[in-house]
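Chains W and P, in that order, are what the protein sequence lines are.
All you need for the numbering used here is the position in the first sequence, starting with 1, plus 252.
All you need for the numbering used here is the position in the second sequence, starting with 1, plus 170.
Where hints are given, some of them may not hold.
[To be verified] Okay, the calculated beta carbon distance ranges per label pair:
#1 W/Glu-334 <-> P/Gly-226: 30 to 38 Å
#2 P/Gly-224 <-> W/Asp-300: 21 to 29 Å
#3 P/Arg-214 <-> W/Leu-341: 25 to 33 Å
#4 W/Gln-350 <-> P/Ile-177: 44 to 52 Å
#5 P/Ser-251 <-> W/Thr-379: 52 to 60 Å
#6 W/Ser-385 <-> P/Ser-192: 29 to 37 Å
#7 P/Asn-300 <-> W/Asn-310: 26 to 34 Å
#8 W/Trp-329 <-> P/Gly-184: 41 to 49 Å
#9 P/Gly-226 <-> W/Asp-300: 48 to 56 Å
#10 W/Glu-334 <-> P/Gly-224: 25 to 33 Å
#11 P/Ile-177 <-> W/Gln-338: 30 to 38 Å
#12 W/Asn-347 <-> P/Pro-244: 43 to 51 Å
#13 P/Ser-251 <-> W/Asn-377: 51 to 59 Å
#14 W/Gln-350 <-> P/Lys-257: 51 to 59 Å
[Unchecked claim] Distance condition first, Cα-Cα at most 30 Å in a straight line; then the derived DSSO-like pairs of lysine-lysine:
#15 W/Lys-304 <-> P/Lys-274
#16 W/Lys-293 <-> W/Lys-344
#17 W/Lys-356 <-> P/Lys-301
#18 P/Lys-291 <-> W/Lys-362
It is worth saying that the hints were derived from the structure and are not from the lab.
Idealized CB from N, CA, C, for every residue including glycine.
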Amino acid sequence: MIKFKKYAFVGITVSIIIVSALKISLADKPLLVLDNKSILKLLIKNDDVLLKDAAHCNGVGTDETDKTIGDYISGFWVMHSEKQGQNWLEIKLDNISQDKRLAKVLIYRKNGEENWGWGVSFEINKTNNINRSSFTCLGSG
Amino acid sequence: MATTCKINIKQYLGSNISALCSNSYHKSTDNHCAHFVSHVLGFRYGFKCKGMSGKGNASESASIRVHEVFRKCPEIGEWSSKKASTKFCLAFVTSSSNVNLKTKTMRNHPKKHIGIFHSGKIYHYSNSKNKVVKQDPAAYAKHYSGKNITVYYGTMPK
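One chain only, chain W, in its complex shape (with noise of 0.2 Å):
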């Protein structure tokens, strides 16, 4: 019986360390790595998330029926279709903290007195998955 009891102590000892240790380990894991493919991906993964829910939406949309992040970015990434200026993206991520990015994308046009820059914010968590509620309409003009 003192044998188990010791086995029993041994063992729950070592257990204790080795989740200790992998706690330990994930949390200095670093964030996944993202290219700007994969940010673009997880936004058009997420293009149903509603304006009224993201925070200076409010009459961000091309036509006052858009409702989505998705009906906003279309309404202006259809105008790099026009083939005179310049038409680009801009695509960055920064962290903001141990487990937290925010990633921003957005769609610039230059044609003479035309020059503008509209898009988005979102938060990009450890494991590569948006916040849909951290959503942020960017843009001025």
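Mind docking chain P on chain W? Use the hints.
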């Protein structure tokens, strides 16, 4: 509602937006027309410059979206219907298809612009020249090419 201009607007002629904005929102690839107007006139509606740069002081942050300023104007109309006695107001230019005068709303179409009308001239931020310029209303009406480009006046928001 302000009907007379108490600001020396001429002092801004030729200035880059960096001379007006202390919140580090100066990117030349971004549009600063509403940003310029809002810093000069003290508009603080909706989304502001600090939101774009993430830097600076919230109390010195100014509006940056034309359609958000447009809906704050107590009175709006086509430029041709502006009273001759109005010497100080906002001047918007965009396609008439972007404006609903009944609901006093403007769609967020990127081809839209804003300036300050004062003593016969419109002071606005040229995003191609990256500086404040002044034009008479007839020249301002040609800011964009295309059909149905129309100039609108807006009386000063409170």
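Each hint tested on the structure:
1. Between W/Glu-334 and P/Gly-226, the C-beta spacing of about 34 Å keeps the proposed range 30 to 38 Å intact.
2. A hinted range of 21 to 29 Å holds for the C-beta pair P/Gly-224 and W/Asp-300, which are about 27 Å apart.
3. For the hinted restraint 25 to 33 Å between P/Arg-214 and W/Leu-341, the CB-CB distance of approximately 30 Å keeps it satisfied.
4. The hint said 44 to 52 Å for the Cβ distance between W/Gln-350 and P/Ile-177, and at roughly 47 Å that hint holds.
5. For P/Ser-251 paired with W/Thr-379, a C-beta distance near 58 Å keeps the hint of 52 to 60 Å intact.
6. Checked against the given bound of 29 to 37 Å, the beta carbons of W/Ser-385 and P/Ser-192, roughly 31 Å apart, stay inside it.
7. Look at P/Asn-300 against W/Asn-310: about 29 Å separates their beta carbons, and that is inside 26 to 34 Å.
8. In this structure, W/Trp-329 and P/Gly-184 break the distance hint of 41 to 49 Å, their C-beta atoms being roughly 35 Å apart.
9. Look at P/Gly-226 against W/Asp-300: about 34 Å separates their beta carbons, and that is not inside 48 to 56 Å.
10. Against the hinted window of 25 to 33 Å, the Cβ-Cβ separation of W/Glu-334 and P/Gly-224 comes to about 30 Å, which satisfies the hint.
11. The hint said 30 to 38 Å for the Cβ distance between P/Ile-177 and W/Gln-338, and at roughly 34 Å that hint holds.
12. Between W/Asn-347 and P/Pro-244 the Cβ separation comes to about 45 Å, which falls inside the hinted range of 43 to 51 Å.
13. Checked against the given bound of 51 to 59 Å, the beta carbons of P/Ser-251 and W/Asn-377, roughly 53 Å apart, stay inside it.
14. For W/Gln-350 and P/Lys-257, the hinted distance range of 51 to 59 Å is satisfied, since their beta carbons lie about 57 Å from each other.
15. With a C-alpha separation of about 20 Å, the suggested pair W/Lys-304 and P/Lys-274 falls inside the 30 Å cut-off, and the hint holds.
16. Proximity of W/Lys-293 to W/Lys-344 is assessed by CA-CA distance (about 14 Å); at most 30 Å being required, the pair is judged to hold.
17. Proposed proximity of W/Lys-356 and P/Lys-301 is supported: the alpha carbons are some 27 Å apart, at most 30 Å.
18. Note on P/Lys-291 and W/Lys-362: the hinted pairing holds, with a Cα-Cα distance of about 26 Å set against a maximum of 30 Å.
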